[in-house]
Amino acid sequence: MANAKSKEQVVNPIGASFTRNDVYEKVTGSAVYADDIQFGNKLLYARAKRSPYPHALIKKIDISKAEALPGVKVVVTGKDFPNRIGLYLQDKTIFATDRVRFIGEPVAAVAAISEEVAMKAVELIEVEYEELEAVFDAEFGASDKAPLIHPDLDKYVCPNFIFPKAGTNIANHFKIRKGDVSSAWDKCAYVVERSFKIPHIQHVPIETHIAIAQMDEKGKVTVWASSQSPFAQRNLIAHALHISQSDLRVIAPLVGGGFGSKAGVTMEAIPVALATKCKGWPVKFLLTREEEFYTNFVRQGLTIHVKVGCDKEGNLLALKNMMYWDGGASTEYGTNVTRAGGYSSSGPYDIPNVETDSICVYTNHPIGGAYRGFGMSELHTGLDQAIDELAEKAGVDKVTFLKKNGVAEGDVLVTGMIMHKNGIQECIDNVAKSLKMNEKEKPSSPDRLRGKGIAAMWKAPAMPPNPGSSAWVEMSEDGNVTVGLGGQEIGQGTFTVMAQMAAAALGVPYEKVRIAGPVDTQYSPYEWQTVASRLTWSMGNAVVLAAKDARRQILETVAEAWKESTDDLDIINGVVVSYKSERETSLENIVIYGMPKENNEGWTGGPIVGRGSFMPKYVTNLDAETGQGPRAVVHYTVGCEGLDIEIDKNTGTIYVLKGAASFDVGKAINPALVKAQVEGGFAQGLSSAMFEEIKLVKGVMTNPSFVDYRIATAPDMDFPLDTPFVEVPQDDGPWGARGVGEHPMVPTIAALGNAIYDATGIRLTNPPYSAEKIYLAMLDKGLVK
Amino acid sequence: MINPHPGLPELQYVKPATLQEASKFLADNAGVAKPYSGGTDSFVRLRDGILKLDYLVDIKGLEGTKELSFDPQKGLTIGAAITMNQVARHPDVLKHYPNLAEAAESVASYQLRNRATIIGNICNASPAGDTIGTCMILDGVLKVHGVDGVRAVSLSSFFLAPGRTVLKPGDVVVAVQLPIPPKGLVGTYKKLGRNRIGDLSIVAVAVLGYPTPESASGYRFRIALASVAPVPFESFKAEGVLSGNKITAELIDEAAGATMDSVTPIDDVRGSARYRKQMVKNLTREALTEVWTKLSK
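Protein chains in written order, with this note's numbering: chain A, 1 to 785; chain B, 1 to 297.
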């Protein structure tokens, strides 16, 4: 029975480091992933025929031999699915139609009774190509000498904030013109100019992409996919197939890592296309690790030319950025990456004069998509190393330089937006203090050099102006709460954080809250995508609204039954209490059956269903020529990272002694999960800084395996990492929270580059900063013999 | 073109009952059959399409392949089915051949070493093979069963080219035998990968040293180099430098320089020839200094 031992919640769910609510399944192996789902003996296996050329016209495709192979159920090609799709710029078809634009592009696909038969059938598909001149460099691609990769660019559909240039390979040209850069250089006492080339990298989730599709006799399609975006997939695939969104159902079980690669639509469309041609048969498509490497979304490469200047005191005055993004064969998603790189191109610094050209270029490389913190790691790798150099030139210590120029409330940003309150000063202080940035410390041995580096960062959720979130809250007889939502648990802990928020908003213990999963577009409420570090903030707001709606319904029920005012009632630890009458009742049963009114006057209430939806309504478009507008983004999360390293003079190997990372999360709903996100992001950032690179030679990826695409292992991360967070609340965030999922990998390359410079005096511009690169640079400089 | 790697090609698995049967089958199917033990190299290469076979001949269980024993007179015998983890944790190995355990433990991951074998590492004949150099400078001799019976093949004359050895069709390497190490032997294995664990070596150096009155310096050193030549490589030139004179830091430098001058590495996806040359010198110097410090204690 009701037993509110105290009038205080026992543990406030907000700010408590509860154990994740998906831990048991994941640790025991009972968690269900897409490949675990059983489809019986009707299951067909899909394989794709892929382009061996980076750029070629398709002259002829002959599928007759493949179709004749026993065990082959269906073979499809581009002519069966001519509709263009794309998240931002609709420049892509499910299969290449008239031409191929990168090595690995799907040209045809087969569904067969076994993987082996499907593979044999793929070999029997004959494709005749006419090879074309290809583009492997973004700057060349943007020039008028380059062959056109998308001659039909002028016909493609895109939203009004993307600016393709027909008759060129430029898929988006985003411009910032703030102040007057050309006259500002004269006022600068110090100027630094540097160019950086940031390579393509791959997401490498431990679970490769997988999707299973089935069309029923009436034409309704169900897709089971490892996905960050079940709703966006529903929309895009329905569009491509010319079917109604409500006839496409996406079921999204747990995800074994996404990092952006499972946002939007990539390979999922292939099994759907096949399934439409064999009604009733489920078709499974699972990428091999090699396909995961060379056929899927990559983080696109960037060449960035930075020129930045400051006055005698070290106040930043002017910045000019020329960014050429290697967008790859399709820029349907990548156009927005380059937009994000553009509207945030000043970094978290107050700079009065800024000129940026962020140019997204088609190349014959793999397709650039979303990658944890997209655009920002690339931008900051260049910007924050140039700023490091400028601080030194100006004779201002680096911590002071960052703090002096750090963006503050009320500052006019590069887009004209006014900056909100933020904790960048505290973040910089935290890192400086943790690493004793003001002390030059000795290396542990004469064979080593020691250096420290620091870099600040910012990032806004990169998305359309109006991505929506929605949620519902239901309850069962035992008083437990189920939260329906459409955002995905991709390892970041969002289901746990949502349960905490629902518990707090409703007034029940955390343990009473369940998440309705797996996300299923037929039953789950709408969510745009699990990207952009937006869920804690956006989906969190929707969940809180739904929980508050349920709470209101409960209180109204009780108030009516007890003939009291809801103002006198509260829910604490799952018990409704009256501060007036001191009566109390458990939520059990009343949340389903309602309550009897007194004096046998009938009943009140009924099954409780709370609903909430949230959509930012204040983001505006920016001027095409100047990038100026009242509000470019919803908000920025700011932060800072630093590294204290040693470099082995015999090999160039980096040994990290200590790392520090501090981010302004607004409010840490679950501090342990914040720490885990920061640690994971730091590791991923450092991995990309030291090891990772897709090695492309004439469009061929030469290292499409874990043998030669190295990522950091636990021993590579064997050092203390300090992660103090800052909490300057977000005005429209739940309890002030904003996202921190992507940010921890944004400044890491720059911080490491700055530490290497501090140790050696060498500015390595092009990551990864491998032992070999460092050693040979030291050799060339005469630091080692 | 990049191979998307859907799965393994079709293969026949053959499990002979005797060494004679194995050798006969392998000889009868020369070029399309291969002995199979741990499979950690074979399966990857089959899936990559680099290795094309009709038969994998499982030699685990054949006489002598499961032997791991130490004899105070004859030394250590490691059968072809003995895994790297079995070697690395064997008390006699740890006591008498700790450098072999060290080299074995640098290979890939613990899980892989539950399958991978020393003999497989040797027969794969990669210049990067982590355990080969140490076995070579421990004067390892292979016991080979062929169609004409058993013969002994010294590791020093075993390797011909990357992936190629003196083995003939029908040959099954049953074991490697390492003699009793010289008294006072110490050593080290220096492996440089792109990251801390699990990588193939960019360069690796195995060094052993022991006191001996037969040498002018009073010591003999053995130096084996990996990933810097077409075959696992012993630098006799550097060894010669160290036997003729009193060991000093300068002499060690000279020997390290000699290793660099004696190798012809290539540029590949793991590292450049230029870096490799430098690393041979530096790792050899580091290894020699470490071994010398141990010896002069």
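The hints are simulated quantities; they were obtained by calculation from the structure and are not laboratory data.
It cannot be assumed that every hint is accurate.
[Claimed, not checked] Pairs of lysine to any residue, SDA-like flavour, derived with a Cα cap of 25 Å:
#1 120/A / 49/B
#2 781/A / 24/B
#3 698/A / 267/B
#4 695/A / 2/B
#5 277/B / 120/A
#6 24/B / 34/B
#7 120/A / 3/B
#8 695/A / 47/B
#9 297/B / 445/A
Bear in mind that the values here come from a model prediction, so they are computed numbers and not experimental data.
Hint check:
1. In summary, the hint linking residue 120/A to residue 49/B is supported, as the alpha carbons are separated by about 15 Å, within the 25 Å threshold.
2. Taking the CA atoms of residue 781/A and residue 24/B, the gap is about 60 Å. The hint is violated against a cut of 25 Å.
3. The hinted pair formed by residue 698/A and residue 267/B meets the criterion: a straight-line CA distance of about 18 Å does not exceed 25 Å.
4. Proximity of residue 695/A to residue 2/B is assessed by CA-CA distance (about 13 Å); at most 25 Å being required, the pair is judged to hold.
5. As the CA atoms of residue 277/B and residue 120/A are separated by approximately 45 Å, the hinted pair breaks the 25 Å bound.
6. For the hint pairing residue 24/B with residue 34/B, the CA-to-CA distance comes to about 12 Å; that is within 25 Å, so the pair holds.
7. As the CA atoms of residue 120/A and residue 3/B are separated by approximately 14 Å, the hinted pair is consistent with the 25 Å bound.
8. Between residue 695/A and residue 47/B the CA atoms are separated by roughly 21 Å; this keeps the pair inside 25 Å, and the hint holds.
9. Simply put, residue 297/B and residue 445/A have alpha-carbon atoms about 21 Å apart, close enough for the 25 Å limit, and the pair holds.
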